[in-house]
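**Student:** Chain B: place on chain A using the hints.
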Amino acid sequence: MHPNDETLNAYADGSLPANEAAEIERHVASCVSCRQLVDDLREILRATADLDLQDPPARAWMRIERAIQLEQEGARAEGARAFQASERDIASGHGHGPAKAGHDGMWLPWLAAAAALVLATFVGLRYAPGRSQLAAPASQARDGAAQASAGDAAQSVENELRQAEAHYENAIKGLEQIANAEQNALDPRTAATLQKNLAVIDQAINESRAAIRSQPASEPAQQSLIENFKTKIALLQDTVALINEMRKGNEAGAARIVSGLKQKGN
Amino acid sequence: MDLVARCRAGDVEAFETLYREHAARLYTLACRMAGSREDGEDLLQEIFLQAYRKLGSFKGDASIGTWLYRLALNHCLDYVRSRRAKMNKLTETLDADTSFEPTARRDTPIARMDLERAVERLPEGCREAFVLHDVEGFDHKEVAGLLGIAEGTSKSQVFKARMKLRVLLGRR
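Going line by line, the protein sequences match chains A and B.
Here the first sequence is numbered in our numbering, starting from 1 and rising by one per residue.
Here the second sequence is numbered in our numbering, starting from 1 and rising by one per residue.
Read the hints as simulated data drawn from the structure, not as lab findings.
Accuracy of the hints is not assured; some may be wrong.
[To be verified] A few chain A residues that don't get close to chain B, going by computed Cβ distances all over 12 Å:
id	residue
1	ALA10
2	GLU25
3	LEU53
4	ARG63
5	ALA67
6	GLN203
7	ILE212
8	SER214
9	SER218
[Unchecked claim] Simulated coverage check for chain B against chain A, where a stretch passes if three residues somewhere in it have a Cβ under 8 Å from a Cβ of chain A:
id	segment
10	26-32
11	48-58
12	79-85
[Said to hold, decoys possible] Derived contacts from chain B toward chain A, CB cut-off under 10 Å, selection only:
id	residue
13	GLY10
14	PHE15
15	GLU16
16	VAL119
17	PHE138
18	HIS140
19	GLU142
20	VAL158
21	PHE159
22	LEU169
23	ARG171
24	ARG172
Source: prediction; values computed, not measured.
Cβ atoms here follow ideal geometry from the backbone N, Cα and C, with glycine treated the same way.
Bound-form chain A, shown alone (with noise of 0.2 Å):
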């Protein structure tokens, strides 16, 4: 009769009883399956204990020290926020209340200094060098001997700026949804530069459309009216997920995000 699998489980780790392991023993010598088992279960065995260890990929390092500079960011705005809600318990005589907590108490600054970098972030690419870069597809066009071709271009450039459009309109829609639902918490300063962000930059996207008006077929303006377009769609994104990140008290994602409209300006 043979024994078990477990049995022979134990015999080929050794975790048998000696007079167990003997009988065993003799019965593996006659028996082809169950030595076969045996040696299978050895050679598992053997193997495992030669496994190596494996080396991470390059980039978790890189995924650990940016997590830990956004900390470190974290804190030092944490400390900052601290020195401001002081200074302001200082000069309204409230003096050293409990810290705020949630909500209102922890994302308001956040928003303030994002919604600062989203304006700077915006002025630095609406002013950005380059913008003749835009001319480049129209000289080609001019210069292109068929005028199919420019028709096509000048199709698509519409089809462009009507999908930017929509693009832009559902961006708008979801920002004020969350500013209507969140317009009570928002401190007078956030709501100022918010206010003002937009205003700039409807102002741009203003002065494309005119020029548009007075030079319809020209590619530059088409092109400035559309890059307006998805530098607010990207930079509402930010702004609204930035919001979100706050909602939830994730600060490391908040900052990230912030660091990130941080690079886009510079």
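**Tutor:** This is chain B only, laid out in the frame that chain A set:
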């Protein structure tokens, strides 16, 4: 100032040195416990972030390597428990013997890479017990304590893992 003290003081370069010394061991543990390299990488990040935050509580009773290993092991176990609770599939996976395709028998020595891949494919439950017992060298009593199971269950899971590996590696 020693390495740990520099890490505590917020020296990221010192922390990178600590990472370089211990990452491979902890990454390997995390990958094997999680059963995937992607999850192992995520766990490694969480482990070292936790270490960065908790270094202040390191008393120096054990070596920093032992402290990191315990922290990593606890983090992996938390992950395993949390995933198990979510999936609630421990019993099913342990009893599912039909999930492996039969392969042609091989008698050549088992290659390390083949074994690593096979361990990744082990069902949850028996994989963790196998990794802790056969790879990490804990005895069944310790494995039982770590996984919150009976000692007999640990033995049974390690046995099942070895039998499944035998199939996965084409030894049967």
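**Student:** Does each hint fit the structure? Answer for all of them.
**Tutor:** Quick rundown of the hints versus the structure:
{"no.": "1", "hint": "ALA10", "result": "violated (8 Å)"}
{"no.": "2", "hint": "GLU25", "result": "holds (19 Å)"}
{"no.": "3", "hint": "LEU53", "result": "violated (4 Å)"}
{"no.": "4", "hint": "ARG63", "result": "violated (5 Å)"}
{"no.": "5", "hint": "ALA67", "result": "violated (5 Å)"}
{"no.": "6", "hint": "GLN203", "result": "holds (43 Å)"}
{"no.": "7", "hint": "ILE212", "result": "holds (48 Å)"}
{"no.": "8", "hint": "SER214", "result": "holds (55 Å)"}
{"no.": "9", "hint": "SER218", "result": "holds (49 Å)"}
{"no.": "10", "hint": "26-32", "result": "holds (count 3)"}
{"no.": "11", "hint": "48-58", "result": "holds (count 4)"}
{"no.": "12", "hint": "79-85", "result": "violated (count 0)"}
{"no.": "13", "hint": "GLY10", "result": "holds (7 Å)"}
{"no.": "14", "hint": "PHE15", "result": "holds (7 Å)"}
{"no.": "15", "hint": "GLU16", "result": "holds (7 Å)"}
{"no.": "16", "hint": "VAL119", "result": "holds (8 Å)"}
{"no.": "17", "hint": "PHE138", "result": "violated (14 Å)"}
{"no.": "18", "hint": "HIS140", "result": "holds (9 Å)"}
{"no.": "19", "hint": "GLU142", "result": "violated (15 Å)"}
{"no.": "20", "hint": "VAL158", "result": "holds (8 Å)"}
{"no.": "21", "hint": "PHE159", "result": "holds (5 Å)"}
{"no.": "22", "hint": "LEU169", "result": "holds (7 Å)"}
{"no.": "23", "hint": "ARG171", "result": "holds (4 Å)"}
{"no.": "24", "hint": "ARG172", "result": "holds (7 Å)"}
Checked against the numbered hints listed earlier, the structure breaks hints 1, 3, 4, 5, 12, 17 and 19; every other hint is satisfied.
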